[in-house]
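As given, the protein sequences belong to chains W and Y, one line each in that order. Sequence positions in the first sequence follow my numbering and run 43 to 157. Sequence positions in the second sequence follow my numbering and run 901 to 1012.
Hints are computed from structural coordinates only; laboratory data are not their basis. Just to be clear, a hint being listed does not mean it is correct.
Here are the simulated distance ranges between beta carbons [unchecked claim]:
{"id": "1", "chain 1": "Y", "residue 1": "P1012", "chain 2": "W", "residue 2": "P125", "range": "34 to 44 Å"}
{"id": "2", "chain 1": "Y", "residue 1": "S980", "chain 2": "W", "residue 2": "K59", "range": "46 to 56 Å"}
{"id": "3", "chain 1": "W", "residue 1": "A44", "chain 2": "Y", "residue 2": "Q902", "range": "27 to 37 Å"}
{"id": "4", "chain 1": "Y", "residue 1": "I960", "chain 2": "W", "residue 2": "T64", "range": "23 to 33 Å"}
{"id": "5", "chain 1": "Y", "residue 1": "S970", "chain 2": "W", "residue 2": "T57", "range": "42 to 52 Å"}
{"id": "6", "chain 1": "W", "residue 1": "G58", "chain 2": "Y", "residue 2": "E966", "range": "21 to 31 Å"}
{"id": "7", "chain 1": "Y", "residue 1": "S970", "chain 2": "W", "residue 2": "N70", "range": "13 to 23 Å"}
{"id": "8", "chain 1": "W", "residue 1": "K107", "chain 2": "Y", "residue 2": "E915", "range": "40 to 50 Å"}
{"id": "9", "chain 1": "W", "residue 1": "L157", "chain 2": "Y", "residue 2": "S970", "range": "14 to 24 Å"}
{"id": "10", "chain 1": "W", "residue 1": "T128", "chain 2": "Y", "residue 2": "Q902", "range": "33 to 43 Å"}
{"id": "11", "chain 1": "Y", "residue 1": "P940", "chain 2": "W", "residue 2": "L157", "range": "21 to 31 Å"}
{"id": "12", "chain 1": "Y", "residue 1": "A917", "chain 2": "W", "residue 2": "N126", "range": "19 to 29 Å"}
For glycine and all other residues, C-beta sits at the position ideal for the given N, C-alpha and C.
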Amino acid sequence: EAQVTQNPRYLITVTGKKLTVTCSQNMNHEYMSWYRQDPGLGLRQIYYSMNVEVTDKGDVPEGYKVSRKEKRNFPLILESPSPNQTSLYFCASSGPTGLWTGELFFGEGSRLTVL
Amino acid sequence: AQSVTQLDSQVPVFEEAPVELRCNYSSSVSVYLFWYVQYPNQGLQLLLKYLSGSTLVKGINGFEAEFNKSQTSFHLRKPSVHISDTAEYFCASGTGRRALTFGSGTRLQVQP
Chain W
43 EAQVTQNPRY LITVTGKKLT VTCSQNMNHE YMSWYRQDPG LGLRQIYYSM NVEVTDKGDV
103 PEGYKVSRKE KRNFPLILES PSPNQTSLYF CASSGPTGLW TGELFFGEGS RLTVL
Chain Y
901 AQSVTQLDSQ VPVFEEAPVE LRCNYSSSVS VYLFWYVQYP NQGLQLLLKY LSGSTLVKGI
961 NGFEAEFNKS QTSFHLRKPS VHISDTAEYF CASGTGRRAL TFGSGTRLQV QP
């Protein structure tokens, strides 16, 4: 089954404690991206990756890091989480380069609370 | 810069009634337009898209949307809603560079 898998789905942590949210896709997609969803703001892009070892900032990258060492994985790293990073996070992937159909495949989300 | 405005944060409607969810976009370049749906506790999934061609596009579950360039709108419609359509709906725009700009979402609440 084609899917994007995120872990953990739920996490409560404290300010300053480093954490990683993993994302894996089994569709051999080149493009992967992280979004955060906040009430009234919709989804905002944090980082994206066009391919292995190619990453770039989205609209709200401050406080986050990413890496893309393998095609299937795109972890999101919060080095020193703060309460304003409490949010619902989504990983998404998209198919091959060339004609882009606009279809992003989303994971089920990771709800992060930073106390 | 692109922006997407969804004019209604919540739309309550009775089952079997028609519904329209409004979306306006702004962009200085040609855009691609999308509607995504998010069911409770799930990720988003593509409902329909406009890339080019016919301005009336049909999607899954009986939804359709019309691209109106002069009004910079891409409103989503369904002639008769079901309880199962209760979800949050997001309008999004893109310029082909694989970065989507999302609206703030509209929560559709279908009541029996």
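Now for the hints, and whether the structure bears them out:
Between P1012(Y) and P125(W), the C-beta spacing of about 39 Å keeps the proposed range 34 to 44 Å intact. Between S980(Y) and K59(W) the Cβ separation comes to about 50 Å, which falls inside the hinted range of 46 to 56 Å. Between A44(W) and Q902(Y) the C-beta distance comes to about 29 Å, which sits within the given range of 27 to 37 Å. Evaluation of the 23 to 33 Å hint for I960(Y) and T64(W) yields a pass: the beta carbon distance comes to about 29 Å.
At about 50 Å, the beta-carbon gap between S970(Y) and T57(W) stays in the expected band of 42 to 52 Å. For G58(W) and E966(Y), the hinted distance range of 21 to 31 Å is not satisfied, since their beta carbons lie about 50 Å from each other. The hinted range of 13 to 23 Å is not satisfied by S970(Y) and N70(W), whose Cβ atoms lie roughly 41 Å apart. Against the hinted window of 40 to 50 Å, the Cβ-Cβ separation of K107(W) and E915(Y) comes to about 46 Å, which satisfies the hint.
Taken as a hint, the range 14 to 24 Å is violated for the pair L157(W) and S970(Y), whose Cβ atoms sit roughly 50 Å apart. Between T128(W) and Q902(Y) the C-beta distance comes to about 27 Å, which lies outside the given range of 33 to 43 Å. For P940(Y) and L157(W), the hinted distance range of 21 to 31 Å is satisfied, since their beta carbons lie about 25 Å from each other. In this structure, A917(Y) and N126(W) break the distance hint of 19 to 29 Å, their C-beta atoms being roughly 40 Å apart.
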